[in-house]
Structure formats: C-alpha cells, structure tokens
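Trainee: On the provided structure of chain A, position chain B as indicated by the hints.
Top to bottom, those sequences are chains A and B.
Counting from 1, position 644 in the first sequence corresponds to residue 644 in full-length UniProt numbering; the numbering is continuous, with no gaps.
Counting from 1, position 188 in the second sequence corresponds to residue 188 in full-length UniProt numbering; the numbering is continuous, with no gaps.
Every clue listed holds true.
Below, in silico cross-link-like pairs of lysine-lysine (DSSO-like), each with a Cα-Cα straight-line distance of 30 Å or less:
1) A:K646 with A:K662
2) A:K646 with A:K658
3) B:K498 with B:K444
4) B:K729 with B:K580
5) B:K646 with B:K675
6) A:K580 with B:K81
7) A:K646 with A:K600
8) A:K675 with A:K600
9) A:K580 with B:K662
10) A:K580 with A:K564
11) A:K658 with B:K729
12) A:K729 with B:K729
13) B:K658 with B:K644
14) B:K580 with A:K729
15) B:K580 with A:K81
16) A:K580 with A:K729
17) A:K675 with A:K662
18) A:K644 with A:K658
19) A:K662 with B:K580
20) A:K675 with A:K658
21) B:K498 with B:K388
22) A:K600 with B:K729
23) A:K658 with A:K600
24) A:K444 with A:K388
25) B:K658 with A:K580
26) A:K729 with B:K658
27) B:K675 with B:K600
28) A:K498 with A:K444
29) B:K81 with A:K556
30) B:K564 with B:K349
31) B:K580 with A:K658
32) A:K729 with B:K600
33) B:K729 with A:K580
34) B:K682 with B:K658
35) A:K556 with A:K580
36) B:K556 with A:K81
Derived DEER-like restraints, expressed as beta-carbon distance ranges:
37) A:N300 with B:V496: 29 to 35 Å
38) B:K349 with A:N581: 52 to 58 Å
39) B:A573 with A:P755: 40 to 46 Å
Don't read these hints as lab results, they were simulated from the structure.
Each residue gets a CB set at the ideal place from its N, CA and C atoms; glycine is no exception.
Number of protein chains: 2
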Amino acid sequence: MYNNGSIADVETDDIESEVGESIYSRPLLIKRSNITSQIAIVGANVCSVESLDYEIPENDLVNEDLRLRRKIQVFQYVLLKWVFALIIGLSTGLVGIFSNIAVENIAGFKLLLTREFMQKHEYYKAFIVYAGCNLGLAASAAALCAFIAPSAAGSGIPEVKAYLNGVDAYSILAPSTLFVKIFGSICGVAAGFVVGKEGPMVHTGSCIASLLGQGGSRKYGLTWRWLRYFKNDRDRRDLITCGAAAGVAAAFRAPVGGVLFALEEAASWWRSALLWRTFFTTAVVAIVLRGFIEFCSSGNCGLFGEGGLIMYDISAAKVVYSAPDILAVILLGVIGGLLGSLYNYLVDKVLRTYSIINERGAAVKIVLVITISLLTSICSYGLPWLAKCIPCPDQVSTSCPNTDVSGNYKSFQCPPGHYNDLASLFLNTNDDAIRNLLSTNTAKEFHISSLLIFFGAVYFLGIITYGIAIPSGLFIPVILAGSCYGRLIGRLFEPVSKLDVGLFSLLGAASFLGGTMRMTVSLCVILLELTNDLLVLPLVMLVLLISKTMGDMFNKGVYDQIVKLKGLPYMEAHPEHYMKNLVARDVVTGPLITFCGVEKVGNIVLALRCTGHNGFPVVDEPPFSDAPELCGLVLRSHLLVLLKGKIFSRDRVLARNKILHKIVELDFAKGKGLKVEDLDIKEEEMDMYVDLHPIANTSPYAVVETMSLAKAAILFRELGLRHMFVIPKSQGRPPVVGILTRHDFMPEHILGLYPHIRYRK
Amino acid sequence: MYNNGSIADVETDDIESEVGESIYSRPLLIKRSNITSQIAIVGANVCSVESLDYEIPENDLVNEDLRLRRKIQVFQYVLLKWVFALIIGLSTGLVGIFSNIAVENIAGFKLLLTREFMQKHEYYKAFIVYAGCNLGLAASAAALCAFIAPSAAGSGIPEVKAYLNGVDAYSILAPSTLFVKIFGSICGVAAGFVVGKEGPMVHTGSCIASLLGQGGSRKYGLTWRWLRYFKNDRDRRDLITCGAAAGVAAAFRAPVGGVLFALEEAASWWRSALLWRTFFTTAVVAIVLRGFIEFCSSGNCGLFGEGGLIMYDISAAKVVYSAPDILAVILLGVIGGLLGSLYNYLVDKVLRTYSIINERGAAVKIVLVITISLLTSICSYGLPWLAKCIPCPDQVSTSCPNTDVSGNYKSFQCPPGHYNDLASLFLNTNDDAIRNLLSTNTAKEFHISSLLIFFGAVYFLGIITYGIAIPSGLFIPVILAGSCYGRLIGRLFEPVSKLDVGLFSLLGAASFLGGTMRMTVSLCVILLELTNDLLVLPLVMLVLLISKTMGDMFNKGVYDQIVKLKGLPYMEAHPEHYMKNLVARDVVTGPLITFCGVEKVGNIVLALRCTGHNGFPVVDEPPFSDAPELCGLVLRSHLLVLLKGKIFSRDRVLARNKILHKIVELDFAKGKGLKVEDLDIKEEEMDMYVDLHPIANTSPYAVVETMSLAKAAILFRELGLRHMFVIPKSQGRPPVVGILTRHDFMPEHILGLYPHIRYRK
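Only chain A is shown next, with the shape it has when bound in the complex (with noise of 0.2 Å):
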C-alpha cells in the first residue's frame, strides 16, 4: 500500500478519481513538496490524492440539472438513503459471516493438521506442514494484494478516516480493493500472522457503501441504473460512515460501539440524521450476525466453532474491588500507556522502513511477506518447546489436554495430562488466543514466564507485521499484546489483588488501546458490548483514561500517524498554535488564474492544460458591471462538461437559456469522469465564447485577507469546504486576492513559507 499511486497508475485509476488534485499545488509544489518529503517519506504520491466537494454550490443551472437527473421526489430520495443503509448493513454483515466462516475453518484445518504430526511425535514435519500452510496463504495474500489492488494492504482505516474529513486518496474505495480486501483479509488473518481482521472490516464496508454510492463500478461493467442517486460527494460521505460503522459492529458485534467509533474516530463532520441511519446500519449487522450464529451453533458451519466472532464473557468474575486494586488498575493504565505510545513510534519506524523496500515492486512486496510468515512460524512454533509441560488442574470444566481446535490446555509435545501453556496461546486462532487469555477463574494457567515469552513475541511480531503487503487490522495485535500484559501484571499483583487475572486481562487489553488508538468512548463501549459486563465500566474507562492521557504526552495516535505518514491532507479539527499569528494573505501563492463572466473558449482550455486547479474564480468586467466584481467559482468538472457540450457563441454574449435547453444532455453530475484530454475542440472554436456565469457557484464562501488563519482554518474545517476565496481589504484592487485549498492549510506548506516558525508537536 505503500508505494500505489505513482502516475504511471493513473491508467488503472477508477472513474472516480481520474481529476487529480496533482498539480493543483501551484508554482510552489517543488518548495511544498521538498519538506512534505521530509516529512512524508512514504510513496504515497501527492498526485494520488483528490479533495472531495462537501459543499453543494449554490447555483440554479446545476441544482436544476440535479433535479432533473434525480427524476426522485424527496420522499423517495430519503426513503433510498434508508434503503442504501440496510443494504450496506445487509453485505457488512454477510461479509463478516463469510469471513468469519472461512477464517475458522482454513485455520482449523491447518491446526488440525499439524496437530497429528505432533500426535505422532514427528515434530518437523508438523513444523514443515504447519509453516507450510502459512507460507502458502501469506504469499497469495500478497499476491493478491501486490498484483491486484496495493491499497487493499494495511488496515485501512486512516484512509476512510482521510476519506471522510475530504481527501479521497489513490483507488482507496475501489471494487478491486474491496476484493482483495476480503480475501487477502481471510488469508492473512488464517496465515497465523499476528494482524486482525477488524481494521480491513472496516474499510471493506466502507468499500460496500462507497460502491453502493457511485452506483457499482464502470470499469467492471457493474453498474445499476437505480443506484446512481448519490452522485455527489456529500452524500457519498454519509454511506461511507455508515459503513465504517457496519464494519465496525461487524467486526465487533457491537452495534453501539460502531456508531460511536465511526462518531468519535472515522468522521469529520456528524449531523444528527446521520447518528440514526448510522445506528440503524448497525442494528442490521447486528441482527444478521445473529441470525447467523443461531445458524452455526447447529453445527451447519464445519470447523467454526464457539470461536470466530469475538465475544468474551467474563461475567464469572465477580467485579469487587478496594484501595489496592485501584492503585494497581493505575499502574497498569500508566505502563499501558507508555507501552502503547512506544509501539505507535516503533511501528512508525518500521512503516518508513518498508515503505522503501516495498518501492522496489511486487516481487519484493511478496517476499518480505514471505520473510515476515517464516519468522512468525518460527515464532508460534519454536517458542512452545521453552515451556514447561504443566500437570493439568484437577478441576476444570474443559477437557485437559484439549483435543479440540480452539481452547486452553493444549497438550502439544507434552505428555498426557500435561499441557503446554505457551502452545495454548500460540498454536492458536488469535481469537482463541484472546479468549485463553481473558479467561477468568484460571489464575495459574499461565506461568508468569510463559506470559513473558508470548507477551515479548507478540508486541515484536506485530509491530513488524503491520505494514507488509497484506491487509492487517490493528486492533487485534494490539488488544492481544495488552491482554497478556494485563494478565502478566495480575499475575503480579495476586499476592495483594482480590480482582480476577482474566479482568486484568481485560484491563491490559483496554490500557494498550487507549495508548496506541487514543480512541476513548468508542473503545470503552466495544470493550463494554464484547464483555457484556456493565460493571467492569468504571475500571475500563479509568484505565483507558490514564492510558490515553499517557500516550498523548509522546506522540499522536496510530491512525493519526499512519494518515501523516502517507502525505494524505488532514485537516486538523484544531489549528495549530503559530496559525493565530498568521493571517490568511500570507499563506496565499502563486498567481491567481480568474476566468471573465463570458470567457474566451481557448483560455479556458489552456489554463485547464497547464494549470491542475479544481476551481476559478469567475469575475465580471464591463460591460457585465461597472467595476471588476467577483462573480463566483467554477469547479474544472463543470467547466469540462460545459466544453464538451459545445454551446460557444462568437460574441461575448451572455447565453443561460441556451445552456438551460441543453442541461439533462449535458450531465453535470459525470463532469468528475471527464479529462482535458477528452475534450475535442477544433481550432475555429478556440477564439468562440463561452458563458460561465450558470455554472458558477455564486455564493463562496471566502475570507477578508486579514483574517487570521486560524479562524479561516476553522471556517474551511467546520464548513468542509474544499475552495475559499481571500479577498482583499482595500480598495481599488482586484476582487480576489487568491483562492485556500486545503494544501494551504498544512504544517509543511506553511512551514516551508516560514521557516523560521518554531513548530511545536
């Protein structure tokens, strides 16, 4: 994922991010680009990256255009979003199913596999079959992902979370990702690596609702007539955080933490409507999810047992805490945090480091997979053989040695009625592994030595794991590591602790989320859904608090980082400190390219050749008005549509009826689909006229040019806006003084204007 998105892929571009933002940065994008590439030394090309229109302009000739193409009343319009949510809800959740399914059962059988060699005592070929296996999964998981869609790997998340605060990078929601998504997500997860299949859940129902939203793919031949309703990226914007939320409660089942995830972590912007038919996607995951589980506990589902979806019930635990507890609960948060804030660093090193060796191409890409697979093999299957073979309790529920594919008490090399505890959590689904780990009322299932060795293992795994080429959630590593941690630190605190391991299990895995995600209230309420123990509340969120609080002191979120480090343009919900004592002219560049009222046919073409600007001031001169007047913006999708419609005159004339007459021929709504290089205008028609005043956005917003940037940054964050005018304060001077993009708005722009400026992390 890395390393997509140079221009030579622009060919293989889906149709909906064909009109880069590329050259939009004006004369200044080699000063811009050098610091942006200090700063963001990873692949992902600039030229990837487009903003979205949030802002519907404000203009009869294009809303009428919308109108007519809508041919819907605003009865049905509504009624369709609610549709699209069900739908969205419907695949997220059948997704999740599928998943889950094939996950449980690949694994099995592989686990399966290995387990008889080692019933027979031939333990290499158990290693040969087992590192086998995953060797073979690992590479077509790279395969697919090197080959088919490099923006499927990583988790995806920083990119819906980019998506929506209004930056759409490189081919992120296409049907290709989606794809591979899925299946690379399944072979990944059952290759044994330590990566979850939470995060690649979210970004797959962010897939499905983006898909869903641009009405199927042209490329593939996949389009529906009556699904091209959502034309706009607004609307667009409200699928995808619905299905960010699917995928969240699907990966979860837990429907109210999807809603305040995709709230407090995925969006930018939140409206009140959107809260409902975001809950609403959710409860329908929710419900299928049952449905499905209802399903499988028959046994319908081959190997998947009570494993697969995630749900641990440490509801044995009886939550009685004092004085003691609490200061232990602390320590924990505080160590947690740190642990997780030193794990966001190391796996912003690591990133830097493969983003440079997966440049090198597909072949590379597949073999540090393939490096990556062999080592984690080693791992899971070497590290056992240092554990003790321990004599199995006397009293358990479960059967010890377990013969099943998931459980505790794994007997792996051991003698009967013996167990291997660190087979139990390596040999193991990370699912299972988990729920070994949170298990409550086994307080010396694990020797404190053995929690060491898997804890050491698997911090190490996942950092390096996260960042090849495969799609790899965060969550589960990080809830993995923190889960052993949390259950070493209860082993720790047994002598003066009346709280259950299993609970400080919980709590480990609670304090390194909120170190590494710095998520707080989505966190605590998935934590709540997956326990369903209301109780443990108050511990989960002191612990998440301490945790996030200590994290923040070092460094940004994980997702956070990974958005920077990929060079996308996030607009900050706060501007930074030194933008108080900037004012809005000073970040202004370059020259200024405004297009007349009525405007020569060839001027247009040659500033949409040269220039890669997404938006022109439009201003009216005599004899449109008495003095130069700002007339408004024109997007260059609206201004190529207008060309290829060809309605030129051989005066300066205005011409809106003209224009009027041919709206529903010439389909605002595709102008994102159109390129310069498509427009077919002969010589004679260069010195014609066009009229750009029905396809100006009249009213834009804009800024006096002594605002502070600060305040202006606020106004482009709040409004989601993705042009704004300056104008000048004076008199006597033209009526724009230069248009703010988003660029404009970035530490490295600003900083490579003022060096000097001392810029405070």
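Mentor: Leaving out everything else, chain B in the frame of chain A:
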C-alpha cells in the same frame, strides 16, 4: 415559567444576564415583535434573552488579559476541566440520590397513611388525607416556583437546549432556579402529579455546571476565587453539556445514554474532546449511584426500597419473535407515533392557554396548580372504584394482596384474597406504576378495561399537567402512557403473538417516546440501560424508527416545539428552504452604527445608551488608513470596561501601550456584569478620544452581501457566531453593509420582511 422575564424583572436578574440582547432588535423591533407575537404568544419576552459569545475574539489585548487573569498554565487549565467534570458528576449524582430518597419517603408516607384509613374502611377520610397531602405538596411546589424562581417551572430541557445553541434565557441557570428545581421537583413528584423528575434532573445538572463555571453566585455571596477560571461562554457551554449528560445519567442510571442524549438532543456543537469529558462525568454519576444503591439496599434509606431509581428488569421474558409479532410491533409503532404527535399538539395548545392564565400573577399560578392537583387526586382515587376486584392468582412470587408501599396487587377496597388492578397503577408512585406495567409473565394481571381507563387518564393528565408552575419532566408521563398503551396492544394481540406483554409494554413506551421526543439513538440506549437486555434492541429500534417517522410527518419534537413557543431564537441545523432564494443583504435592516478607530467618548456613550447592540463595527479612516477600512468588531462589554477604565486622550492618537499597561486593572472578563448606567463619565471627558483598536476583534467572520442567506446561515450556525459582518460586493462603498445576528435568521424576522414568501412547515 411562561410569564417570567417581563422588563420589570430585569432588576432581579443574575449577574450573567444583565446586558440583554433586548433592544438589539434595531428599528425593526416593532415589526418583528408583531409577527413574533403571532407565533410566540407565550409571555417569554424577547427582552429576557441574550445571545452567547462562543467565538473567542482574536485580539492581542483581550487574549493577554485572559492569560494574565487566568494565571495558570495550560496543563492546569486542562486538569481543572477534568476536576470540574468530576465535581459536576459527583454533585449531580448526589442530588439525584437526595431527590430519589426524598420522593420515595414523602410519597411512601402519604400512601401508607392513605392505606391505613382504607384498611379501616374510612374511605372518605382516606381521600381527604390523600388529596390533602397532594394539595399541600403541590401548593409548596407552586409557591416555590411562583415566588422564588419562575424559570424553574417545566422541564428545563428546552431551555438547556437553547442555551447550548447560544441563547441565554432569563435566569435559567441561576442559583435560585437550581434550588427551586430540586425542591419543587421533589414536592411535585411526591404530590402524585403525572410528572417526572428526569427533565428537572437534566436542568439541575446544567445549573450545577453553570454555577461552577461562573464560580458561584455573586448575588448570594457564594463566590470562590479558585472556581473563576471559566469566564468565557465557550468553556461554560462545555461544562453545561457535561451537566446535561450527568442529569440524564443520574435520572436513568444510564451513563452511555446520558452522553448520547447530550450529543443528540442537547448540544448544538460537539467536539471529540467533549465526548470523553462528558463520558467521564456520567461515569462518575454511575459510580455514585451504585455506591448509594449498595448503601440503601441494607435499609438505611427509610422507605426507599427497590423502587426509586428506575431500573426495569424484563430479562425474564424470552425474546423470540416471528412474522406476526413483527407486524404487531409495526402497528404498535405506527399508532404510537400518531398518539405521540397528537400529544405534542395538545401539549402545545394547553401551554398556550396556560401561559395566558399564568401571566396574571403568582396567585393565579398557584390556584391553577391546586386545581390540577385536585383533579389528579380525584382521578387517582376515584377511578380505581370502577375496577372490579380480581381474585389473586395462585402462583405469584410477591404476596397478594400486597402490603408493601410499592408493588403490584394493591388491595384497595377489595376483600382479602383479591386485588384492585387499577389501584396498583394509580395509587403508587409513577416509577412503581411503570415497573408494574413492564412486569413480565403477568399477562392477565391487568384487565383490558383497567388499562384503557388508566391510559386515558394518564394521557389526559400528562397533557394538562405540563405547563403549570411546578418543575415537571415529560419523560415519565410519556413512558407511563406509552407502556400502558403497549400493554393494551399486547393484550389485544395475545392470541397471535408470542411476545410477553411486558415486552409489548416496553415497546409501547419506546413508541411514545419516539413519537413525542423524536430522539432515537439516545432513547434506544437509555431503554437498553434501563432494561439491561441487549436482545430487545432490534425491536426497540424498529419501533422508534417507525414512531419517529410517523411523528415527523405531523409536527416537531416536543422540546423543539416548546423552544419555539417560548420565542427563543434557536438556530436550526438546516437553513429554511426559502433562504436559498435570499441573499445576506436582504435581511440587513435599520441604520448601522459604526465607530472610528479612535472615537469620541461621547459618541460611544450615546450609542451604548440609545441602542441595545452588543457589537459595533470599527472602521479606520484617514489618517489611520488611506481609505475607510474595516478594522474589526468591538463588543459592548469590552467597550464598557474600557470606558470605565477612562484611558482617554485629548487628541486623536493611538493608545495601545497605555491600555496594555492597565490591562490587569481593567479585567475585560467582568464586562458582562456592567451596564451603561454604571459609567460615571464627566461632561469634559465626553469630548475626549478613546482608542478602540486594542479591543477590536480584528478577525470577525464576514460574508459578501450577495452570499446566499442559506449559506450565511450555515456559516453562522456551524461556527457558533454571535455577530457576522456583511461586506459590500462592489467598490467605493463603506466597508460594512450591516451586521447579522441570530435574530436576523429567524423565520419570523425574514417573513416579516418578505410576507409573500410561503412558509412551509
């Protein structure tokens, strides 16, 4: 509450609301209030409303002043916010406990006394005792409300909602209001009215937060120096959001529901940081309540038994449903939505009538309360006589007839071994009645005729009770009527549906809540936390979805309706449709008063005296600039502080340094407490000059006059502004065309200017 805030009241106003937006309304006042009076005939005078400054001025001197005054570091400031959240949580939780114990004990004592006479068959005496207790309690509540704090009447949620939208209604968060809200609510609920303590709890939480935010009350001599750090409206808003969430959490024991309530219903703006702090507050409340319940469970709280803090356990009912059940539930939702919107309609009519009655004075208010109290007593005591005595069922876990204060199977007039089902509903606290209605596996306990009578009585009493001069929540009446209606439907569908009638009852309550309040996610989560059963979630969501949709077809949610009725200038999230056809210039009215950068003291004093404007544009003119140029916006409060400081000069010169020197002395944060009358400016000083540059906000938000009004409204709303400049499009005109405030966006104002615009509801 509906006749407070006449001009005469201003003198008793609390420190924070002295400078009214009152006369701000410019010459247009007469015109506007004509229209307003048609729409908002309720006595809530426009004079009692003040807009809040959520925008932090960008201005060196004011910032410097705040910094010096604050005298604490950023870290301490952040820490303090958390400490405040803790205090809000603690105190709201404690108030919740106190009012619960008080209500349960008072009401319990009353019911015990009545029962004693009943058992002696002295039915008339029993009625006199019962009605007398009710009357006394009602009269005390009414007296508190009428004489001490008229603002404490009603639910309080609409006012809190308006405050968080930027409108400070008259003394709505004053200490007297808090006092009356707590004690009035206890008396009102104990008096057997069909009212709840949930809405008042939200208001109470907000009042506590507001008091903390302004550092106590100056009027009552309760100020603490160390509390006075949050002197700006923005921080206060955040605290009050926490307070509102804490209120819901305390009322329903629903920490997550509280957060979502604040998010969905109360707050108009939301930040991620706030989410976490709000959650912390509600968690503190939850912990406090939990400790209290453990304390009370050993019988330390008098008559406070398992009643009081509502928590309904329906987990005994198995949630299995098939197609006919779903149909029944859909029907339930449809009818519930219709009845809910009818409820809103009737409440609106009754409120309008009451407001006319209440305007006649405190005595009339009390008479009205007494009348309603008598009516309620007659209903609760009289109607059970219509019910037939039912023989006790054979196998029940509780005793029958019941001898407890609360509980099912009340004996009333029945012979031993029989019970009166209507008495179990009427002669109980509202909480216990709801618990009886929601009880599971008791399908035959209530006769259909009894349910019909109770439903009719509660629906009717709920409508006529809201609006009288006592603190009265709307949640409980709606839940009461809804759960009765749900049980009724459940009984009717008994032959075809497998769902328990207790479950139907819950769904009925949900449908009524959805139909009146129109909240969705927060209600869903509150009901979830109340019943502690995740399995009913899909059904509850379905019902809420249907009933909200049905209700929205007819009218607005009840809180929005009350906000409108009170004439509070609430900014809606979405601009009205007709605003798209207007531009900013169209709604600018009246002459504009501007100041020069260095202005004559006399002019300023005159302007302050003659207008009620709270913001004035400052325009630089030669020699300070080449041409007239917009310098910024000065606030009335800052002007008053500057004039009081008397930093005048004989000549027209800049005085930045002079003001900077005296900055600590001036204390701009105190400006809100000042009035023009407080100034003591001598005749000769009137001709001197004062430099306004240092106090002008140099980065006011502005729109070009041709900006569509809809977009201007979005800007105004999203950024939480109080003043917005309208600047000219063409050159050669004064640099400011006008100022827009929230009043200019109100439909009443716009429709007053353009009566031909059709106002679609």
